[in-house]
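Chemist: Using the sequences provided together with the hints, build the complete structure.
Throughout the sequence shown, residue numbering follows full-length UniProt numbering, covering 1 to 139 in sequence.
You may find that some hints are simply not true.
Said to hold, decoys possible - The calculated label-pair distances, taken between Cβ atoms and stated as ranges, are:
#, residue 1, residue 2, range
1, A33, K111, 32 to 42 Å
2, R85, L114, 14 to 24 Å
3, Q77, G21, 21 to 31 Å
Derived by calculation from the structure, the hints in this document are not laboratory data. In this text, a Cβ means the ideal position worked out from N, Cα and C, and glycines have one as well.
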Amino acid sequence: MTSLWMMFSGAFLAATLLPGGSEVLLVALLNEAPSMWWQLLLMATLGNTLGAMTSYGLGRAGRMAKNPQDIQSKSHQTALVWVERYGIWALLLSWLPLIGDVLCLLAGWLKWPLMASTLLIFVGKILRYSVIVFIFMSV
Numbered sequence: 001m002t003s004l005w006m007m008f009s010g011a012f013l014a015a016t017l018l019p020g021g022s023e024v025l026l027v028a029l030l031n032e033a034p035s036m037w038w039q040l041l042l043m044a045t046l047g048n049t050l051g052a053m054t055s056y057g058l059g060r061a062g063r064m065a066k067n068p069q070d071i072q073s074k075s076h077q078t079a080l081v082w083v084e085r086y087g088i089w090a091l092l093l094s095w096l097p098l099i100g101d102v103l104c105l106l107a108g109w110l111k112w113p114l115m116a117s118t119l120l121i122f123v124g125k126i127l128r129y130s131v132i133v134f135i136f137m138s139v
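Modeler: Here it is, written out as structure tokens:
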């Protein structure tokens, strides 16, 4: 039970405050308890999705503070191009480092539908963690 809480909170923090780390934590916990792979997969996905939805909420709350076009960093500009080109489907890439966080912020800023955004973020996250679990279990 402790390992599931660790996985959830580690994945949540990785999507909000701390860069990376959830993948390493997932592998470490899989190494400790490989039979719990599906529970760890679910906790990693839920934690990371909820962390991304925190970014979505911050984007929605910050809508009046700043236009996305005013942000000059490369990751912000790349995310903005993807959002303009692919629309809400860009959220399938929310698992990407740096750009994924910005995609979630922009989704909130653009007031994309909450349920559709959550579902697409969840799908992107579970695919990423599934690949990690698959590779681990195959070795």
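Chemist: Hints first: check each against the structure and report whether it holds.
Modeler: Hints, verified against the model:
1. Look at A33 against K111: about 41 Å separates their beta carbons, and that is inside 32 to 42 Å.
2. A C-beta distance of roughly 22 Å is found between R85 and L114, which places it inside the suggested range of 14 to 24 Å.
3. For Q77 and G21, the Cβ-Cβ distance of about 26 Å falls inside the hinted range of 21 to 31 Å, so the restraint holds.
Every hint from the earlier list agrees with this structure, and none is contradicted.
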